[in-house]
Amino acid sequence: MKKLWQLFAAFARVGIMTFGGGYAMIPILEREIVDRHGWATEEELMDYYAVGQCTPGVIAVNTATFIGYKVAGKLGGVIATLGVVFPSVVIITLIAGILTSFSEVPAVKSAFAGIRVCVCVLIVNAVLKLWRKAVVDKATLVLFLLVFLLSVFFSVSPVILVIVCAAAGIALTRMGVRGK
Amino acid sequence: MILLRLFFEFFKAGLFAVGGGMATLPFLYDISARTGWFTHAMLADMVAVSESTPGPIGVNMATYVGYVTAGIPGAVVATLGLVTPSVIIILLIARALTAFRANPLVDAGFYGLRPCSIGLIAAACVLVIRIALFNIPLYQESGRLPDLFNLKAIALAAVLLVCTRCVKKLKGLHPVFFILASAVVGVVFRF
Numbered sequence: 035m036k037k038l039w040q041l042f043a044a045f046a047r048v049g050i051m052t053f054g055g056g057y058a059m060i061p062i063l064e065r066e067i068v069d070r071h072g073w074a075t076e077e078e079l080m081d082y083y084a085v086g087q088c089t090p091g092v093i094a095v096n097t098a099t100f101i102g103y104k105v106a107g108k109l110g111g112v113i114a115t116l117g118v119v120f121p122s123v124v125i126i127t128l129i130a131g132i133l134t135s136f137s138e139v140p141a142v143k144s145a146f147a148g149i150r151v152c153v154c155v156l157i158v159n160a161v162l163k164l165w166r167k168a169v170v171d172k173a174t175l176v177l178f179l180l181v182f183l184l185s186v187f188f189s190v191s192p193v194i195l196v197i198v199c200a201a202a203g204i205a206l207t208r209m210g211v212r213g214k
Numbered sequence: 208m209i210l211l212r213l214f215f216e217f218f219k220a221g222l223f224a225v226g227g228g229m230a231t232l233p234f235l236y237d238i239s240a241r242t243g244w245f246t247h248a249m250l251a252d253m254v255a256v257s258e259s260t261p262g263p264i265g266v267n268m269a270t271y272v273g274y275v276t277a278g279i280p281g282a283v284v285a286t287l288g289l290v291t292p293s294v295i296i297i298l299l300i301a302r303a304l305t306a307f308r309a310n311p312l313v314d315a316g317f318y319g320l321r322p323c324s325i326g327l328i329a330a331a332c333v334l335v336i337r338i339a340l341f342n343i344p345l346y347q348e349s350g351r352l353p354d355l356f357n358l359k360a361i362a363l364a365a366v367l368l369v370c371t372r373c374v375k376k377l378k379g380l381h382p383v384f385f386i387l388a389s390a391v392v393g394v395v396f397r398f
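Protein sequence lines, in the order shown, are assigned to chains U and A.
FYI, the numbering for the first sequence is 35 to 214, going by my numbering.
FYI, the numbering for the second sequence is 208 to 398, going by my numbering.
FYI, nobody ran anything at the bench for these hints, they're computed from the structure.
A hint or two may mislead.
[Said to hold, decoys possible] Derived CB-CB ranges, DEER-like:
1. R302/A x K36/U: 20 to 30 Å
2. L179/U x A362/A: 21 to 31 Å
3. R397/A x K167/U: 31 to 41 Å
[Stated by the list, open to error] Here chain U is said to cover these stretches of chain A; the calculated rule only asks that three of the stretch's residues, wherever they fall, bring their Cβ under 8 Å from a Cβ of chain U:
4. 270-276
5. 292-300
The beta carbon of each residue, even a glycine, is placed where N, CA and C say it ideally should be.
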């Protein structure tokens, strides 16, 4: 029971601190899930994120379900998901009446312009931190660069990239390139 | 009855939108066209609002549309409809994953997936940087190079980078501290 409550509270914190979509969640997840509770390792977080990219639904929800399941089974998965959506439901319902004018307020616009800058820096830090766990040899460096360039310059769908990389991981391991 | 339909419509969006919050957008346009619950203009506003409230964008949009259509019960039901398919699918995958974790094939797959994950996050980061630190529309209009850089934002980014990476006392602080500080800086310096 205590564990379920902890899951709900931790993911509610993640939900309330995620500004601007799934990837903004990475630094917060690292902090809450890996550092604070030790519910998952950095490697697992990346695995969940990759799988979440190519399964249907909101990535934040997919990741929450994964971690919740790992910590406390099926019920854990459900509770973590409810936790991550809870702040959104409350906040949006509260401001729904004034919603459209809310985003036009100059102070709100300025605040979010500032937050966007911060989100950039936090994601850069997260990438640098996770890098050591993911890019472990020459082959993974090549995969990283390919995914990055194809995604930035050619907007290749993440679903395709994820599937190809999983296949490449298997092929490279079979060929004995791994670890060199 | 409208609650049941709300649940069903958002269940479909949750089931077929692969690749995160923005992928739900085409489904919302479709719902708008077929049901008339909300207009396209409301949807465009909603995208702007979702970006200036916390939480996943897909969830924010479901809650808002649900609220507009059927009040607070609508908000709850639409959100539950959106997340139900992912929860079911991920629970199935998670169970399989726990069983096959030690399998060499699965392990090899994840060896390739991790650099992919980081690559995707880094690419997403480039998109945010383009919007947050540069002023591309202004530069295209004026053609003057100094217009391209959002100097205030770049200065804030530099300060944040130093604070989060090099200053011992600040390094360990929770990310939300930096987020709130940046919001204040944004308001004070009129970003």
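Structure-based check of each hint:
Look at R302/A against K36/U: about 24 Å separates their beta carbons, and that is inside 20 to 30 Å. Between L179/U and A362/A, the C-beta spacing of about 30 Å keeps the proposed range 21 to 31 Å intact. For the pair R397/A and K167/U, the supplied restraint of 31 to 41 Å holds, since their beta-carbon distance comes to about 40 Å. Figure legend: the region 270-276 of chain A, annotated as covered by chain U; annotation consistent (4 residues with Cβ-Cβ distances under 8 Å, at least 3 required).
Requiring three or more residues with a Cβ within less than 8 Å of a Cβ of chain U, the coverage given for the region 292-300 of chain A holds, as 7 such residues are present.
When the structure is compared with the earlier hints, no violation turns up for any of them.
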